[in-house]
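**Q** Each chain is listed here by its residues.
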Amino acid sequence: MVPVAIPMDMWAEDMEGVISAWLFEDGDRVAESDLIAEVMVEKTAYDLTAPASGVLRIEVAQDVPFRRGARVARIE
Amino acid sequence: MLAAEEELLDTVLAAHQPPTCRIWQTDRCIVVPNRFSTLPRFAVAIERMAALGWPVHFRRSGGSPVPLMPGILNLSFIYPIASSRGWSLEAAYRHLLAPLHRLLQAHRLPARIGEVPSSLCAGRFDLAIGGRKLAGTAQRRRSGGASGRIAVLAHATIWVAPDLNAACVATARFLHAMDQPAAVERNRMTSIAAETGDRRRTDLITDEFAEALGRVIRECETAPIDVADRAEGSGTEHENFQHARPPMPFGARAQPCDASREIKQSGGDSSFGNR
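Sequence lines, in order, name chains L and C.
Letter 48 of the first sequence, counting from 1, is numbered 407 in our numbering, and no numbers are missing.
Letter 97 of the second sequence, counting from 1, is numbered 130 in our numbering, and no numbers are missing.
Because the hints were derived from the structure by calculation, they are not lab data.
It is possible that some hints are incorrect.
Selected chain L positions facing chain C (Cβ under 7 Å, derived; list incomplete) [said to hold, decoys possible]: (1) Asp-368; (2) Glu-372; (3) Phe-383; (4) Glu-401; (5) Thr-403; (6) Ala-404.
From a predicted model like this one, the values you see are computed outputs, not experimental measurements.
Just so you know, even glycine gets a beta-carbon here, dropped at the ideal spot from N, CA and C.
Just chain L, with the same shape it has in the complex (with noise of 0.2 Å):
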């Protein structure tokens, strides 16, 4: 199982970021690198891809607050 992170360094600010959209829904397969969610914070947004391939789940919904660092999915 391999955990998907906001990474700590995505935004400098201590601000809560949501997951605008996801691209795959729960369960589907990913390959790693592929673009599987778009992150949005203060109107800005940035892409989150897979770190590693094998089934999605997801962990926070859609325009669900969080901090840096969050753990928003799994890869099974």
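Go by the hints and put chain C onto chain L.
**A** Below, chain C alone, put in the same frame as chain L:
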């Protein structure tokens, strides 16, 4: 134009393109973040808006649906940074707004950075005059370049001389068509033309403003960037940009684009008159 900016972001990330500044406007349309495409009534809504003469296009930067049309200028800075830690979101927003802020100050228009509730696509780094939104901002940051390089697309939508009523009505219609709340109050929006009482043709006012903005952007290349105040409720210390060097040279040459009417290209040799 939006797709062209995504391509520019890619090429800047790959270091195949120098930092770029663009000032542009386009025919009327509504631009929406990708996430709206998952709403159940999205397809119906875009059909309805197309029939009304407002095609819908996607954008990769943040926020909510916004109208674009003649009289609304777009200012885009596309540039690389070494890390997000070294160039915060707030720094990038202020850097983007600094030339516009300076231009408005020179015309005695007291603009302030901050959110305007019930305005179109309200955000903490909007520019407002008297509590009415004049410009909105958004960013897109892409990583994956060489040596951990990150490319920033910082974008401002500036309401110079559009038909404010038409823009607000179109956006509200689009949101209603998707059963989304449309808590936009027309009186929370303003434009340069409305604030100055300028009643000339939209294209004259807009072209003149674009030229002046381009000139100020070039001036920022050699003069310190000065931001008057901090975002209200930002909770951060005021960052003094007085002696900050921009992460990209203002006035960098823009790429030509066929997709929309590019008002001015910002280039190494003077395209903006007085230099």
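**Q** Looking back at the hints listed earlier, which ones does the structure fail to meet?
**A** Failing hint: just 3.
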